[in-house]
Amino acid sequence: MSLRLENVNKHFEAFQVRDIDLDIREGEYFVILGPSGAGKTLILEMIAGLLEPDSGKIHGTENRNKGFIYQDYMLFPHLNVFNNIAYGLKIRKKEKNEIKRHVEATAVKLEIEHLLTRDVLTLSGGEKQRVAIARAMIISPDIYLFDEPTAALDRNARVRTQELFVKLHKETGAIFVHVTHDFEEALALADRIAVLKEGRILQCGKPDDIFNHPKTKEIADFLGYRNVFGGEINDFRMTVDGIELMVPKETAEFAYIAIKSDDIIISTEKFESSARNAFKGTVSNVLKKSSVAEVVVDIGIPLAVDITRKSCEEMNIKPGDPLWATFKVSSLKVFEHK
Amino acid sequence: MKFKIIFSFLGLLLVLFIGVPILRMLVSADPGTLAGTAGDAEVYSSIFLTLRASLWSTIAALISGVPLAYLLARKRFRGKKLVEGIVDLPVIIPHTAAGIALLTVWGRHSLLSKATGLNVIGTEIAISMGMFFVSVPFLVNAVKEGFKLIDERYEKTAVTLGATPWKAFLTVSLPMVKKSIVSGSLMMWGRGISEFGAVVILAYHPMVAPVLIFERFQNFGLKYAVPVTALLIVISLVIFIVVRIFEDK
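As given, the protein sequences belong to chains A and B, one line each in that order. Taking my numbering, I'd label the letters of the first sequence as residues 1 to 338. Taking my numbering, I'd label the letters of the second sequence as residues 1 to 249.
Take these hints with a grain of salt, some might be off.
Said to hold, decoys possible - Quick list of the computed label-pair ranges, beta carbon to beta carbon:
1) 79/B with 170/A: 52 to 60 Å
2) 4/B with 311/A: 52 to 60 Å
3) 155/A with 4/B: 37 to 45 Å
4) 118/B with 55/A: 33 to 41 Å
5) 113/A with 174/B: 25 to 33 Å
6) 37/A with 23/B: 51 to 59 Å
7) 37/A with 3/B: 35 to 43 Å
Calculated from the structure, these hints are not laboratory results. Positions of the beta carbon are idealized from the N, C-alpha and C atoms, including for glycine.
Using the sequences and the hints given, assemble the complete structure.
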């Protein structure tokens with residue numbers, strides 16, 4: 001049975017979602033991607049039955065267990081790890097031995113069996129996360145609902161958690177609905193993604209489709225594309241703010257292009273090459289990070305360019321410097337509307 | 001360092017302001033009269049009546065006040081500000097006025113009394129009512145603040161795990177506000193013990209400790225009022241300290 005949201009509208013406190021239509025297939029890993037405040041949690045809480053839609057219908061949730069995992073885990077602070085995990089079984093008045101067996105087996109699966117007697121306040125973020133998953137898992141959910149589950153974790157723990165989700169999804173065969181603002185996480189996990197902004201779904205599809213064909217500049221920005229420009233394309237040329245860029249494709253209508261920031265070469269002199277796009281500009285900003293430096297070159301339009309920190313220091317680039325920016329036509333990505 | 005000294009100094013002023021008069025009174029109690037008072041059955045029965053009546057009022061407030069505190073902390077509804085205003089009112093109105101207000105509903109000539117034949121005035125129930133009226137805001141407000149601090153998503157999580165709203169409340173929210181409930185109850189109970197104004201109007205007899213102290217002061221003077229006061233303070237202090245220790249565990 002698929003999970004279907006039909007024209008769902010909800011206004012709750014400061015949040016709002018409008019005209020949500022989703023058809024999430026059985027066993028699908030579905031990611032709702034959107035910035036904070038987009039209404040993602042509202043959708044999850046409606047699927048969980050914690051909130052009623054103002055209008056519209058949700059199908060495929062009746063009599064099915066839902067495992068809800070909040071970003072900050074919501075482990076009950078007055079119960080230890082064992083009793084947190086056991087909660088769903090105790091509510092169901094299961095027998096003591098059965099609860100014990102079940103909790104222990106689940107803890108082993110999530111590699112937290114050594115934590116069972118611990119106070120939840122003493123756990124690390126990653127450990128809390130696993131306890132929260134174990135607590136949800138124990139009631140064998142048909143639908144797992146993850147609300148920004150990795151947002152509070154450090155990088156390593158986040159990657160391990162994502163691996164765990166993939167494994168769990170495979171093992172349980174349940175529907176996973178996962179909301180996040182992290183597009184890399186969405187690309188890594190999702191069978192399909194819905195991009196949500198200000199309460200509306202802007203685009204829904206397979207990760208590749210969305211990544212390669214973002215419908216709007218907003219989505220492209222959100223997917224981490226840099227240097228996104230829009231305009232009409234004529235004779236393989238797009239004019240943006242008076243600057244004429246050579247592009248690899250003709251499209252019938254208005255289109256967006258993106259230039260990856262590490263596909264642009266910067267140089268002090270113009271050089272002969274096969275690259276068709278070469279523009280003189282001025283450095284407007286330099287931001288040095290651990291190994292990369294982001295240089296913004298104003299060629300009439302601002303171009304963000306990533307170079308190594310080492311070359312930035314060797315070339316002694318600073319704001320106000322005149323520089324050339326060169327990039328190949330083929331490195332340009334043209335987003336066509338499908 | 002300076003910061004610590006100034007804060008300690010200011011705090012010390014407050015503690016001394018309260019502590020010195022109490023200490024003065026305790027040491028000024030005439031040993032002979034104190035011994036007499038300690039053996040005085042009327043004093044004991046009065047003190048225990050006070051503790052007991054305040055306990056009843058606190059229990060009644062737990063039963064009705066915790067649900068109200070929950071609603072005020074969690075729900076938005078029409079007239080919420082009005083309800084909060086009504087709950088806070090006993091803190092600001094003179095307690096004799098509170099007693100008189102109660103008398104208009106529960107007094108011998110009130111409609112309720114005429115209709116039901118109930119007569120509570122001058123009983124332990126009336127004492128508890130007076131105490132309840134003036135001290136219930138301490139409990140409701142403490143528990144309300146406690147509930148406000150607890151993320152609603154704990155309960156939501158419990159519901160997704162199969163709990164009914166009742167079960168979620170009993171197994172998650174309530175244990176999480178235990179501290180607020182204990183300290184709110186303690187505040188209310190303590191406030192009830194000290195109540196004079198409302199109680200004296202509703203029940204001069206049986207005599208609660210504050211009324212007894214007042215009466216001994218009126219009839220026999222300071223010398224006889226002090227030992228009763230000292231005894232009440234010592235007993236109350238012991239109970240307060242014991243509950244605070246228990247609460248931290």
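Cross-check of the supplied hints:
Our hint of 52 to 60 Å for residue 79/B and residue 170/A holds, since their Cβ atoms are close to 53 Å apart. The hinted window of 52 to 60 Å between residue 4/B and residue 311/A holds, with their beta carbons roughly 53 Å apart. For the pair residue 155/A and residue 4/B, the supplied restraint of 37 to 45 Å holds, since their beta-carbon distance comes to about 40 Å. Checked against the hint of 33 to 41 Å, the pair residue 118/B and residue 55/A fails, with Cβ atoms roughly 52 Å apart.
A beta carbon spacing of about 30 Å between residue 113/A and residue 174/B agrees with the range 25 to 33 Å that was offered as a hint. Look at residue 37/A against residue 23/B: about 58 Å separates their beta carbons, and that is inside 51 to 59 Å. The hint said 35 to 43 Å for the Cβ distance between residue 37/A and residue 3/B, and at roughly 40 Å that hint holds.
Violated hint: 4 only; the structure is consistent with all others.
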